[in-house]
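Novice: Listed below are the residues making up each chain.
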Amino acid sequence: MTAAANWEAGRRERAKTMLGAYPDRRSAIMPLLYLASLEYGHVTEQAMTDVAELVGVTPAQVQSVASFYTMFKREEVGKYLVSVCTSISCHLLGGDAVIDAVEDATGVERGRTGDDGTFSVERAECIGACGGAPAVQVNYETVEGLTPDKAKALVKWLADSQPEVVLADEMQQLFGGVRSFDWGPLESEGPVAAVPAFGPFGSAKEGR
Amino acid sequence: MPDTVSININGVAHDVEAGQRLIVAAESVGEVIPRFCHHDKLEPVGKCRMCLVEVEGPRGKVLMPSCTLLVSDGMVVDTESAVVKKAQEGVLEFLLINHPLDCPICDKGGECPLQDQTMQWGPGESRFVEAKRNFEKPIPVSDVVLLDRERCVLCDRCVRAADDIAGDPLLTFIDRGNHVQIQTFPNEPFSSYFSGNTVQLCPVGALTSVDYRFKARPWDLGHTRSVSFVDTVHSSVDAQTSRGKLVRVYGIENDRVNEGWLSDKDRFIFSAVHSPDRVTAPLVRGDDGFEEASWSDAMALVASRLGGYLGGEVGAIGGANNTNEEAYTLAKFMRSVVGSSNLDAQLGDGLNPHLAATVTPRATIDDLDRAATIFVWGPDLKETLPVLYLRVRKAVRNGATLVVASPAGTGLDAIAAHVVRYRAGSGSDVLRKFASGDKGYEGAREALDAGPVVGLVGRSSLAEDPMMAEAAAGVVRSLPDSKLLTLLTRANIYGALDMGLAPNLLPGRVSTADDEHAEMLEDAWGHLPRGTGRSTTQMLEDLASGAMRAMVLVGADPVRDCPDPGLAQRALEAAEFVVAFDAFVTDSSIHADVILPAAVWGEVSGTATNLEGRVQEVNASVRPAGQARSLNAALDDIAHLMGVDLRAAKVADVTREIAAVAPAYAGITPDHLTFESDGDGVIVPLEGEQPLKFIPVEVSVPVVTSRLTLHFPDALYDDGVWNRNAPTIAGLARQAEARLHPRDASMLPVHEGDIVSIEERFVMPVTLDDTVPVGSIVVPRNVVGTKGLTASTSVKVEAVEGGA
Ligand code: SF4
Ligand code: FES
Ligand code: FES
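Protein chains in written order, with my numbering: chain A, 1 to 208; chain L, 1 to 804.
These aren't lab readings, by the way, just hints derived from the structure by calculation. These numbers were taken from a predicted model, which means no experiment stands behind them. Using N, Cα and C, we set each Cβ at its ideal position, and we do this for glycine too. Incorrect hints may appear among the rest.
Sample of chain A residues at the chain L side, in silico, Cβ under 8 Å [stated by the list, open to error]:
id	residue
1	E45
2	V57
3	T58
4	P59
5	A60
6	Q61
7	Q63
8	S64
9	F68
Label pairs and their in silico Cβ distance ranges [claimed, not checked]:
id	chain 1	residue 1	chain 2	residue 2	range
10	L	R743	A	G107	57 to 65 Å
11	L	E801	A	G107	58 to 66 Å
12	L	D164	A	G10	33 to 41 Å
13	L	G57	A	E75	43 to 51 Å
14	L	R743	A	E8	30 to 38 Å
15	A	Q46	L	I683	46 to 54 Å
A short list of chain A residues far from chain L (calculated; beta carbon distances all over 12 Å) [claimed, not checked]:
id	residue
16	R11
17	D104
18	S161
19	Q162
20	G177
Chain L with its partners taken away, still in its complex shape:
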């Protein structure tokens, strides 16, 4: 129980939490004080003076800004006196002196704190007759954010968010007095992964987003609370619609997850939902390529073809972009109807499913706030899990010690107390030295001894052996006071694994080796093949060799995303029959015999599970495009055609079934999930231990010795199908580049900007980077120009004559 102090507001005594700002304490007891610069998640600055209240002091009552004042015992406050009223009117009159009052054409009109507070606390009339400030309007401060400077009330929120929260201090005040304005440096735009947050924060219409400008009025918007599917953090969002279309996504303050912040990808990717390139009707391969077909014809074809194989000849890849209910239905369909355990939601790009789904002890995101030391061994959080990156930044700001290990510079290096750099391919060597505190690693090792430690472990890139993460997890576990989060990044991959979309997992975090549970599940499902199925890589190999014959692709693009794109291509070409549930014709689904139009995020409802195991509601906000349908509904129909009732037509039935048969989800009811009840979701299992406990042990991974080893990290703005179809951010997709240590570059020899070829096929310019260890090369994965590059451990790099 935190200490309390007693304060008196407007003659009423209240006990409030000590150590708070007066404005927050007052709000907690129902006294709302107007404000512009104050924001719960930003440091106080006391800039706007809107929050002035009278506080009794030794020299009588004085006006004080309540946003910078800490409450103290016996404090006597008046928020409604005539003096306060006069101050509020004065502040608003001043703020409006230069404000254009263009509310009728301003996007913020109707949800504008300046408008609202002027109505409630303002003087109602202005005495200003002079000329107002004029600025060129709007100016772009980044590719996605525009600025109308004359509307700005200089509250400093955007500057603080850019600097303190995002760590990108590219937006600042310039000039002085009447000329003060928000600006960027010439030719250095506010290109932050978090720039969209400033639009949401701005208390006036000064910062607007390119894609929402003049699109809708706030009072016409429909609101749906859901979670973002951009990565596995599952940030809480308010998906806003107008006339049946998504027009804006805002962050919701879920303090356990995203604290209101979103990455620009979370915020702007929704436009892909309405892409003209969506598949909107079933497509069946005919003599001249795809032809539209009716759902009933397409499903009849799929049912008869899938029914014609032995179970083990069929496999399913994907399901990570679906809800838990969809993933569960897919697992049930494949196992009980098709009779196959060949199921994998990961594309050979992830981790051992047992580690990801059931690592113990598992941390929660907000454990970061309590950690003394945070240890990251995995992908660059800024590129892959940007909101988790913000949470780590916050923890470090509040005093946690950060240790980062990676094969090249990451977004976190700048705030890390210790950076452990290893050459791609030699991680296990360095991990061993580091774990035993060898020379050069003593400091980092010592930091780990100060608990509580939260370890964030994952695969630094596709080129890294997934066992490395397990080895790192083993080191973290050996510390006395430690917890772990694994770092898979794709949408609802944790939900998919929990629903059994892995060759070695059954729904509810149970191993396929658990016979007792398998028997129970067989009773519930009617049929269940035993044993472990094939992973994505094995399925692709077997398809290519003819050992397997048919494939179900569910929103997965192995030709883009699996470590060996060439293998994926050969496998899909060799398969006798491929059915793809997909929203787009991708590099993979183009090989399908049937494409069934899939409803996507924004169009489907259900639940999803994030990287800490938190189950939250996912809610549809628009109708599916064209004839697109949810996976569970489509599979329910196909199963019927194959003579089985999956009982999966209704999402609620599936949610209930999951709670009944998936041990880790036991006892989950709609009440746990509805955003009305608590809002922040629940961590499963609700009670008791994990059904399966994965204890990482020390493993050793062979060290790769070759001249140039490959580090192949993911980029936030990649060339994936969703990014390409979201016009707001499509242009931000990264271009291929080869980052080399200057010493390696001089041996090729190449200079900055020269062109090199990789594996004799991929050409790209060189960037010199001394954070890259000598002997390795860093190439971003799946960006413009690296499509098809295999994630091998080492690559051949040559200078291209006359390339520059």
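Extracted from the complex, chain A is given alone in its bound form:
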């Protein structure tokens, strides 16, 4: 096991736990990809090669998995990843205007990351907050009931106060409108590794 030899010690340990948790090592590809992206900032070629070696498959097979899921970021992501939902409910209630407003306020086109590395903007498929549409996520923390103006204010607040940790409740209070229900993971995790499903391995705690 040479691949991840240079990973930070805690992550190496966690990789070992993950590999041991599945009867088939290959099943650990996805949680390991999160770990590797914490190590490298995003899913780099090296990250995929490391995971391949840990699991015992080819890098091409890891790439196949990594490229399927949009939450594995294969390019550098800004400090704040703003994901604007434009699926049906949000679309009907003005999601497109919200994303235009976010682009405007950040100066970053959807699918891109700003040059200064503060913002990435993307279009998301339904994020499960249809009751509070239109909805937006910042580093996978959800804010519901936004308007274009509130979205702009949210972006301004992020840019000015540069919070280290983004929390759904706080943003909802400051900028949100209708809320569908209490939502989301208890802890917040930065742009690449908010992984409620993998909480037991602690990957969701990293990034603080």
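Dock chain L with the ligands against chain A, hints included.
Specialist: What follows is chain L with the ligands alone, placed relative to chain A:
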């Protein structure tokens, strides 16, 4: 008799084999269901939905993919209903949404399942007006395969072939939805020995081969069924020609041999047939080197020179790259005309001819499918017999236990249940421990007790004593339910041995010691020297010392291929007269006095025998280059000049003569062989026992004790003359490297990438490899930079100062 179930297709009842997929069962009764992703030799995935049919179920008729559905008793199927028709049109319309429809410039046009099935089942019109996907085109996925992604219909065939069949999962889907595409990992090309199979499998023109791109149209191609001469598996091939040239080789599904698969060497080596470096006219050594001569002058010279020696002063080396008919004619010419038993198709690189030709009980390739345990003691199958490697992989996938013994890591290790590693030179020690189930070997030994066992035994490398294979064969034979295949690798070497091109064999697997048969053969041939002749190594020694005087070289390159290249060089230089039948001027034939241009694979017809003893047809698909001729025709003429009628001018006459005088080939008729009748060839002998039964016994081979023993394995892409002359794969030739265990490396001391010298002459970089046992070194044979290295049991290795 397998169980059958009764199903109803389009109102007609059929009894079909149980346990099959519906699409296969339907085809077996003549109902062809269209498909893209389904392929008989790949696991079903149900990806393309082209095979939808209506099947009656508890809730009425439903559309189901017939490629994933198993037949069951009473199943009622409709493949032609309006609903099915609509589904087929829908699927095709969707598949064509992003397809560029560039058939006029696509290599697949004319033999494209997408084109054909669209014509037969498609809607005829598209409603798609939006922009299609665009990709950079083509991108190379390997040195020999190109990919045009926009043509791909995402059927997953190439991915499954790379992963399940070849074991090289380097080609995968990436991205999602509208962006899905086939890709490799950056800087990790699909460099598989089997990559060419994906080109043949791809149901569209997405994967194409570098050497066929834009070369020909399918409807202009000539087709000839033959067998590949790259190794002794003799994979069935369709040699395809355009305007008198070979342009493509495709695999043919011969389920007893290659199941349709080919190695890239099988597939791409044909271009060497049309190499500009072919010898196309007889060459006679004059004062300033070779000069072209007429066939009649050259043959007259050969006849008069060969006629001037005593039989025993002349020897012949080679014949393994020829057909059985050519090999037989050579054996007959040497024995009955020249009067010499000095004949050897092996170059000191093989096995005891008796073991190779007549080992009993001999397995067939498809016995691997029935084996509970497969035991490999020999060369790395992936490098030397790649299609046999695929057959072993398949057997293991289906549950066989694999035990592999070798002096360094092999391609099979990853799927082996037990790997027995021995230090080169100490095989007999380990074999003994292993056979008696000593500590550390209990598991592997236990696996052997579960029969049926198929043992694949050969020489792990030229540096290994050939008796090791015999010892391993002896162990396999001692198991109650076991069969054996020996692993010689060169082209038609088994045919050559069967035709008597060995110092101790007469045609038809008869020992030279069998007087009764020798008498019969003498009657048929008119003359036959008795007793055993000299082997290649003995001939080379005797030539070098002057005890022998003349040499006939037949497509053999001993300076490259025999264990002691220096000896071969000295022998050929010392010989008074050397005639070479060769297609190229090689490191050996360059020493000849006369080179007669030889017709080669693709240009000659006849028969050939593979490693299981299967005789198949070999068919010419192009005319010989220049004035090249087949060996039997040339020898027939030379014999005439020497006053003997060999009756070998016509191949068919020779085939008949073989059936009459070679016991193991008794009763073989053209009917057994023509691909029209059965297609898969026949195992000889057709009836009865082997004329000669070779029973390997336990032999002991002295253990070599020295600091660094040599393992000298063959590589698939070597620096041999054929590889060098096939542009598609020439660039893939392996480079010299010295693989060492890290512990030995640290003693020299050298690091990864440092330069070492071997025997003070050969310099190469070091690769650290902990599959190499401590105390040995692995150097690939006959690759760029190891030409001339002697296959001794141990070598001197030194670090080269400042070499890195
Ligand atoms: S490249 Fe060809 S074989 Fe591979 S998925 Fe695409 S269509 Fe199928
Ligand atoms: S559609 Fe936007 S959250 Fe469901
Ligand atoms: S052939 Fe059945 S889904 Fe492709």
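Novice: Are all C-beta atoms of chain L more than 12 Å from that of D104(A)?
Specialist: Non-interface label on D104(A) holds, nearest chain L Cβ at 27 Å vs cutoff 12 Å.
Novice: Holds or violated: E45(A) as interface residue toward chain L, Cβ cutoff 8 Å?
Specialist: 6 Å, holds
Novice: Quick one: work out the minimum CB distance from Q162(A) to chain L and report holds if it exceeds 12 Å, violated otherwise.
Specialist: 33 Å, holds
Novice: Any CB of chain L closer than 8 Å to the CB of Q61(A)?
Specialist: With a minimum Cβ separation of about 5 Å from chain L (threshold 8 Å), the hint on Q61(A) holds.
Novice: Using the beta carbons of R743(L) and G107(A), state whether their distance is inside 57 to 65 Å or not.
Specialist: 59 Å, holds
Novice: Determine whether the non-interface label on R11(A) survives the test: each CB of chain L must be over 12 Å from its CB.
Specialist: Holds, since 23 Å exceeds 12 Å.
Novice: With a cut-off of 8 Å, does the beta carbon of A60(A) approach a beta carbon of chain L closely enough for the hint to hold?
Specialist: 4 Å, holds
Novice: Going by Cβ atoms, does G177(A) stay more than 12 Å from chain L at every point?
Specialist: The assertion about G177(A) holds, with a minimum of 31 Å to chain L.
Novice: Okay, D164(L) versus G10(A) on CB: inside 33 to 41 Å?
Specialist: Between D164(L) and G10(A), where Cβ atoms are some 38 Å apart, the hint holds.
Novice: Do the numbers back the hint for F68(A), that is, is its least Cβ distance to chain L under 8 Å?
Specialist: 5 Å, holds
Novice: Grab the minimum C-beta distance from T58(A) to chain L and call the hint holds if it beats 8 Å, violated otherwise.
Specialist: With a closest approach of 5 Å, the T58(A) hint holds.
Novice: Report holds or violated for the interface hint on V57(A), using the least CB-CB distance to chain L and a cut-off of 8 Å.
Specialist: 7 Å, holds
Violation of the numbered hints given earlier is absent; every hint is satisfied by the structure.
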